[in-house]
Each structure stands twice: as C-alpha cells, then as structure tokens.
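*Asks:* Protein chains in written order, with our numbering: chain A, 1 to 332; chain B, 1 to 503.
It should be emphasised that the hints constitute simulated quantities derived from the structure, not laboratory data. Take the hints with a grain of salt, since some may be wrong.
If you want the footprint, here are the derived chain A segments under chain B, 3+ residues with CB under 8 angstroms [claimed, not checked]:
| no. | segment |
| --- | --- |
| 1 | 190-198 |
| 2 | 212-220 |
| 3 | 279-290 |
Fair warning: this is a prediction, and the values are worked out from it, not measured in the lab. Note that the Cβ used here is the ideal one computed from N, Cα and C, for glycine as well.
Spelled out from the first residue to the last, the chains are:
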Amino acid sequence: MAVHANTDGRLTRAFDNDWIGPGIVSLAAVIGISLLQPAFLSSFNIFVLVSAISVNMVIALGQLVIIGIGQMNLALGSIGGLVAISFVGLMERFGVPVPLALGLALGIGVLAGMAGGYIIARTAISAFIITLAGLQIFKGINLGITEAQPFYGVPESVKAFGTGSVLGPLPWLVLPMLICSIGMWYLFNRMRIGRHILAMGSNPHAAEMSGIDPKVTIIWAHALSGLLAAVAGVMLVAKLQIGHPAIGDDWLISSFAAPVIGGAVLSGGRVSVAGTFFGVVIIAIITQGLVMFNIDPFVVQIVLGALILWAVAINRLREVRIAKLQARGAGA
Amino acid sequence: MTALQVSNVSKSFPGVKALNDVSMTMSAGSVHALLGENGAGKSTLIKIITGIYAPDSGSVMMNGKPVRFANLRQAAAGGLGVVHQERNLVTRFSVGENIMLDRLGASALSRVDYTAIHSEAEKWLKLLDLEVDPRTIVSRLSVAQMQLVEIGKALSLQSRVLLLDEPTASLTPNESKVLFRILRRLRDDGVAIGFVSHKLEEVFDICDRVTVLRDGVNACDSADLTTLSRADVVQMMIGRAERITKRAPRAQPDVPPYLELTDYASGAGHRDISLSVRPGEIVGLYGLVGAGRSELARAILGLSKQLGGEVKVAGKPVHITSVAEALHHHGIGYVSEDRKQEGLILLHSVLANAGITLWSKLANRMGFLRDSSINSKVAPVLQRLELKTPSVYQTIGNLSGGNQQKVSVAKWIAAGVKLLIIDEPSVGIDIKTKAYLHDLIHELAEQGTAVLLITSDMPEMVDVADRILVMDGYRIKGEVENDRNYDAVSKAIMGFIHNHAAA
C-alpha cells in the first residue's frame, strides 16, 4: 500500500509530549514567584519544596500505574498509612533492625496491593469498589494496631534520612523518588509488564485477544501500586520523624491531580512519568507559593481545582485533534 | 486439503435454535464465503469455531483433528486467526508492538527489545506489501492500513486458517482492491480464508466456495461458487415461502399520509428517497443488509442530518433534530433492531422500561413520578400484548426474547405514537411469538397507527406489509403492491434488487 503514515511538523510532535505543557507551566511559576518573592529560592525553601515534591511524586506514581491500566486505587493512602505505622511499630515494639523493618514494611505494601488486585482480577468487580473496601479495611487495621496513637520510636538513622540533605539544598528523599521515577519510566516504556499494563488500559479487548493475561496484569499493577505506596509511607515516616496513624489520609486528591495535570487519561493506556513529575511540581509550587504570599488556603483549593479542569480540557483538545488526524488518514 | 471442517453443529439458546445441523468445509488455498442475512446464524457459527460458544452437538476439526478452543488466545495458538469487524489494536502503540504484543519478552520484567520486535514485524508487513514503518504509531494509520496490520498480526501467529468478519465494511473500493490482491496471494500460499461479507459483488470477486445460512440451517454447504449466479445466492439467502400467508390484502383508507418524504437526502448517505405512510397503513421497507434501511429510520428520527428534500408530518413540513422531538412533537416511535443496546434497559424493571416514554408526560407539577400513575397507563397495554411476567417489577433482562420485544413495542403504544417504525421485529424470536407480533402490528394499523416495517425476512414482509418499498444502496429501487401472492411478490422484489446487479 503506497499510502504513508501521516507525519507532522516537529512542533506539533513536541506538543504531543505530555510533559511539555506542565513543564513550561512549572518553569513559568518558578520564575514568576521568585521574581515577586526572592525568598522563594532560598535554600531552606528549596529544601522544603523538594522534600514535599519527592514524597508526593512517589504517591502519584502509585496512582499512575493503576491509572495506566484504566482503574483507580482509592486504598493507596490507607496502604501507605498501614505500612508507615507497621514500619515504626516493628522497630519500636519488637526492636527489629531498620533494614529488616524496611523490607517487611515494603512487603506489607506489596501484599496489600496484590490482595486488592487479586480480588479485582478474580471477580471482575470494579476497582473503585474493591479499593474503597480496601481503604476501610487497611485503615481499620491501622487504627486497631495504633489505637489512634502515633509511634514515636523512629531511629536516628531514619530521621537523618528524612531531614538531611544529600547535596546543597537537595534532601536525601530525592533519591528514592528518582529511583522510583526512573524505574517506572523504564517499566512503562521498556518492560513487558509495563507495556501490557498500558495495552490493557488502552484497549482491554484487544489486549486479551492478543494473548495478554488480563488477570496477571491487573495483579501486577496493584502490587506495584502497593509497593510505591509503601515507599511513600516510609519516606513520610522519615520526613515527619513519627509513625502517625493519619499518614495517607490526605493522599487521594493529589494522587489523581498530579497524573491528570501531567496528561494521563483516566480511562487508561496513557500515562507520562515526566508529566506527572511536573504535575507534582505545579501543585507543590502553588501550595507553597500562595502560602508565601499569605493567601488563604481556600484559594489554594480553588486554584488546584481550576488547574485540574484546565489540564483535562487540554487533554480533551488533544484527543479531538488526534481523532481528526485519524479521520483525515482514513479518508486519504 | 481440508483445513477446517464444521460438521453437523447445532446450538440452541433459550427460546431459539440458532444453528441446526450446520456444516461447512474450508480448504487450504481457497477463499470461502459465509453468507446469510441478519439472524441467520453466521455470528453464532463463528463464535463456535473460535471457541466462544460450545456447540450442543456436532464438531469442529482443524487439519483433521477435533478442536475445542477455550478462548481466542487458544484459537490463535492453534493456528486460527480471526480479524473481527471492530478494530483490535492498541492505537497508542507502534505497528510492530501491536503485531508482537504477546511476544514482548520472556517474563513480565523482561526488557522489550524493540529492534528485534520491529524487524520481526517488518517481515509480516512486507508480506502484506504494507509500506509502513513498524515504528509508526497505529493511531496515525488509515483504517485500511489498520485492517492490514490486524491481518499481519493474525498471520504472524502462523495462522493457516484466517477468518475475516466483514473486512471491507470500513474500506473504500480502492482499499478493498488492495486487500483482495493480498488475500489472493495468501490463498495461493495455501492459507484457508473465511470471508464474511454482505457485499455480494465482493464475494463473487474473491471467493471460490460459498456456505449460505438461513434461519440457522445450511441453505448450501461449501458449494462451488463458480457454478452459481448472483440470483441463486440471493435466492438461497432470502429463501422460499415456508408457509402460505393467511392475511387477505387490506383495503387502504383514502387519507393523506402521516409521514411523507420527498427527494429526501441524509448525512448517512441516502439520496432521492421519496416515500409516504398513511395512518392505518403498513409500509414495508425491504432490502439486503447494508441497503440503508435502519439508517433511514434513524435519519427520520433526527439521528442523521437532513441534507436535502422535504419531510412532512401530518401534512406540515418539519425538520426533526432529535429522538425526543420525534416522539414528543411528532408522535414517531422506533422499535430498534438492536433490542438489547438501544431498545431496552435490561437491568431495569418491566414497568420502568414500558413507562420510559411517558415519564415527561406523567410527572406531576413537582416533577415527581409515581409508579401507580405509570402503571395505570402501561398495564392495559401490557395486558393487551399478553406479556408473560411474574410482575411489572421483574427485571426485564430475565424475560424471554419474545416478551422483551413485547415490552419494547408496548412502550411506544403506551406513549400513543402516531407512526411506529419497527426494525427487524422478529430477530431472535420463536415462530409462535413471531406470528403473535404480526397480529399485533396488524391490530395497531387497524387502530389507525401508521407503521413502517423494516425486515430482511421475506415471508414476514409478505405476510405483514400492505405495500413494499425495495431499498438498495441507500436509494429506493421500487415499490411492490403486496397482494399476498408470495411467489409473485418475492419475484418482483428480487427483480428490483437484481436490477442493481445488472447495472
């Protein structure tokens, strides 16, 4: 067939990259706010900002992998919270050494995610319902163990990791964030399981017809999500220096907001790790920046909401444009 | 050499015998047409071959061995490639990755070797003469290219039997030609190709064998197509009279038409459509699948743009833009051919389904609806239709096909429509309910409802309609006054369809 595929100009192809838009917005926000308020670029402020970004990025990645397969994970925060209190509880009550406690805590996250994924895959009940139930169950276990009281026995080494800096104003917390981000980028773009997750998210019927096992893929996605929630839970313990039972309670909204601002499509199949990163950055800058200008917190909420709408509108416009391109291709 | 053999397969669903003792033999190096009108059993047969349904009796053999695939993945592994009507590609992935999607790596955590994948995919693209870089993202391809990528994907699984379900439905004539050239080459390489299509020109162009199904039985089993004419094939698809019609021609009241179309053209592709339906008259719209009948019904309801001509309802020119407008302002109701998708809300009760057209009329001043007020309107209609249900609160999905159809007619009667468009009323319905539905349509007409009946079932048409319009290629080809003489009428109808073949 002598019909060649459509090729666009370099500019429109760059526009197709999910991270360009949020990247430009992030940069503009940094420049704008630092011009108005030079203290924004103080090394203390950068340290605080990057710490928050690091933790929130790992949380967002935990949601991103489930968005990729076209589902949602409402239990993300409660898994992270359960892992956080288990991590500190093991060290405080049983004197478990840090590396072993870390391994066990991450294991709990993976198992909790897998359990949800298994039920979803097995029963074909919507992930929304199953993870909603999971949210309640894991939170209940959390409160049962802690009796709603924090664990304080966080070892010095862990505290140092959460509050120290590795290089100038960059906190140690940047490292797990970088490892998780690069790992997830590699997974989505270069590993069989990542491609299968995205194929399932794009077109579950086609994926199954092509010989992809939907059940295995769903369980994998939820196990990965549980692992990332666990990593974020441990990072927060280090950052807050306490095993607080309320860890994870406030993850839900931003875990969806950042991927969506970063160009992810909630119906699945389309995710961007870099876009999500800039989504996290934008949310952090707005939150931090507005605080610096003494603007009421409710404005932050409204701005965040408006930002999500804006991002969704941009995504929709792009989809329409692609559909038009396709229609033109079909007519040729 | 026999590649795929279906022997004496039967399959029943509650209330319907979908296939009865059906056989088909596909040979290597042959393109085999599978034909039949809607509801003839083609899709059931394909689902049995691919393992989605288990046959009640009979067997499917591939290369001499009996096979019973558990799912489509197994079928693919067994050398049976199926290209479905709907596209099954991950549009955000590259062409190569789509072709190799199930072979991306040895384990879940394996790295995907894109160089290897794209060079392997390229082999299959070359085989199909598809000059597309395997790295191209599928969403950038044309529909025809996507079709070929799917064929490439099926072939890359070493399929020696390839089933194509209406592969040309979304292709232009030129693209179809390219596809056929490739299919001929695959055939010469010894692939057995099954070809489902409604376009008879294509069938005669590319196929050498034909199996025709009608009402779930073989009208012919793997016949040599070269010995058959188009007329023979149409004859087999439509069938002869199975029964003598019992109704006498009805005298037509001399009243002005309720609906009148003059030189109507639609965005769906209709041209020069002129028709009229009078109150109390049953006008049949006959044509093979793809003639544009259901599309015409949907266009009248405002689901396609009116591009030209005139539509008059009760003598006044109108411009209908939505189904709600068609119902509430013009009293036009539509019993959809696709009961489950468009006609009924299967999870809701009988009452909710039958009353849905009345809600806006019956809601009281506060906007509240009461079951009792709906029931008082709906119950007499349901009673008249002799609906068999434990109660009006029964979930409609649990009723038989015939009873479901009664409810989908009831909701329009309850709404008091002046014109009812009925599309393929007896698909998936047993003979007794069918006869009953025919009586019902007549009764409606006697009471002054104008009826536009769409059906591919010739005996049904001759039994029910007063006047028959023959459609082909989105145009009206002719009109037959129905004198209930089956042979004469069916001959006249086929005459109009054949005219097109000769042209």
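*Asks:* Hint by hint, note whether the structure agrees.
*Replies:* For each hint, the structure was consulted:
1. With a threshold of 8 angstroms between beta carbons, the proposed coverage of the segment 190-198 of chain A by chain B holds, since 7 of its residues qualify and at least three are required.
2. Only residues whose beta carbon comes within less than 8 angstroms of a beta carbon in chain B count, and the segment 212-220 of chain A has 3; three or more means the coverage holds.
3. For the segment 279-290 of chain A, the proposed coverage by chain B is not satisfied: 0 residues have a C-beta within less than 8 angstroms of a C-beta in that chain, short of the threshold of three.
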